Amino acid sequence: MSFHPVLKRSINLLLILLFVTTILYLGFSYIFPFLLAVLIAICLRPIIVTVTSLFRIPYVLSCLLVIFFFIFFVFFLLGYLLFEMFHGIIYFADWLPTHSKAFIIMISDSINQFIIPSIEKAGSWINTLSPDQQVMIQEQLEDIGKSIAEYIGVWIEVFLRSLGTLIIGFPGHLTMLFFATLCTFFLCKDWDRFIYWIKKYVPQSLVIIVQSLTKELKRKLFQYSGAQIILLTINFLVIFIALSLFQIPFALTISVFITVIDLLPILGTGIVLIPWGIYLWVNDSITLSIGMFVLYILVVLQRQLLEPKLVSNALGIHPLAFIIAIYFGIKTLGVTGLWIGPFILFILTAAKEAKIFQLIWNYIRYNQLPIKNDEK
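Here this note's numbering is used: the first residue of the sequence shown is 5, the next is one more, and so on.
Read the hints as simulated data drawn from the structure, not as lab findings. Here the structure is a predicted model, which means the values were calculated and not measured. Some hints here could point you the wrong way.
To be verified - If you anchor each label on the Cβ, the simulated ranges turn out as follows:
id, residue 1, residue 2, range
1, Pro279, Asn131, 56 to 64 Å
2, Val24, Trp365, 15 to 23 Å
3, Phe190, Glu154, 50 to 58 Å
4, Gly83, Thr237, 16 to 24 Å
5, Cys47, Leu267, 15 to 23 Å
6, Gly320, Gly83, 32 to 40 Å
7, Pro207, Ser151, 33 to 41 Å
8, Gln372, Glu311, 37 to 45 Å
9, Tyr331, Ile265, 19 to 27 Å
10, Leu305, Leu267, 16 to 24 Å
Stated by the list, open to error - Derived PhoX-like pairs (lysine-lysine); straight-line CA-CA distance at most 20 Å:
id, residue 1, residue 2
11, Lys224, Lys335
12, Lys219, Lys356
13, Lys150, Lys224
Every residue gets a Cβ at the ideal spot worked out from N, C-alpha and C, and that includes glycine.
Put together the whole structure using the sequences plus the hints.
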């Protein structure tokens, strides 16, 4: 085995990887509609083929019908959620004034009973200190107050800026969805030509790698989606039944909202149920508060019992590796890393099981793609 060809092939692969990564990083916002269209086309094409053979209608008509019903379903779901959210906001607007008054009175009583006496005791203790110590404590308290004010100000600024960006970018998002829909239709309509073009102009080695990775990704994505659907359905049913028994208004909308929140890494249902339970406890709704805490415990227990079995088997990823991926994602990319970190781990795991790394090694070392199973 000559050293120079191995080094040359290694450098070529690194340059290709660097080029693709740079293109994706710099031009992701431009190519995202096309990537989304390819993903949707891959998911919808089996349905289109089934509809064509089942109803014996032209393939192009099947493409139009399936894409139309897909768009209708997505917009119907979004419209329903927005409609329910709007009704929930109206209810919350009617509910807030009454309960906010009681909450303010409760805070005022707590201040009179606990905080003011504590401040008076602290003031008496500070008066016993030397002038220098008093000045130092006062400066530290001022620094803490400034830090809290700056922290709150930053969060408000980030929220308002994000909201403004979302509103300003709404027409752009609609344009992106329009082009993604058009691309999806033409990809589905001319799928065989698209595949032929890829096989004709893309190197065979790259086609083999992409096919192996795509096959494994589709298998893992299907298994993961099934596991998540089972978990979310159980979560939704448990929360909806509990809230209905508690006679909470808009139990369906709240259950959907909490279930969607449960999709977010780290946060989960506790971000809603725990503050809700604390608020009810403070408001002397002890029974309902205990019910909320019991509901949270039930949701966490069923997820902890079922998730390792369902999701770990689907992805083949240990929970510790998943947590490490989230940590590195947050450290390197911020909040976006919550999703990017696990997604990269998911891709690497799929590549390993599809034997992509072994394919690459065979190409570098032997300049061939068939996998050598007898290799030590």
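Evaluation of the provided hints:
In this structure, Pro279 and Asn131 break the distance hint of 56 to 64 Å, their C-beta atoms being roughly 38 Å apart. At about 19 Å, the CB distance of Val24 to Trp365 agrees with the hint of 15 to 23 Å. About 51 Å separates the C-beta atoms of Phe190 and Glu154, a value consistent with the hinted range of 50 to 58 Å. Roughly 22 Å separates the CB atoms of Gly83 and Thr237, a value that falls within the hinted 16 to 24 Å.
Distance hint for Cys47 and Leu267: a CB-CB separation of about 19 Å, consistent with the stated range 15 to 23 Å. At roughly 37 Å, the beta carbons of Gly320 and Gly83 sit within the given window of 32 to 40 Å. Between Pro207 and Ser151 the C-beta distance comes to about 57 Å, which lies outside the given range of 33 to 41 Å. For Gln372 paired with Glu311, a C-beta distance near 41 Å keeps the hint of 37 to 45 Å intact.
For the pair Tyr331 and Ile265, the beta carbons lie near 21 Å from each other, so the given range of 19 to 27 Å is met. In this structure, Leu305 and Leu267 meet the distance hint of 16 to 24 Å, their C-beta atoms being roughly 19 Å apart. Under the criterion of a C-alpha separation no larger than 20 Å, the hint pairing Lys224 with Lys335 is inconsistent with the structure, at around 27 Å. Under the criterion of a C-alpha separation no larger than 20 Å, the hint pairing Lys219 with Lys356 is consistent with the structure, at around 12 Å.
Note on Lys150 and Lys224: the hinted pairing is violated, with a Cα-Cα distance of about 49 Å set against a maximum of 20 Å.
Violated hints, in rising order: 1, 7, 11, 13; the structure is consistent with all others.
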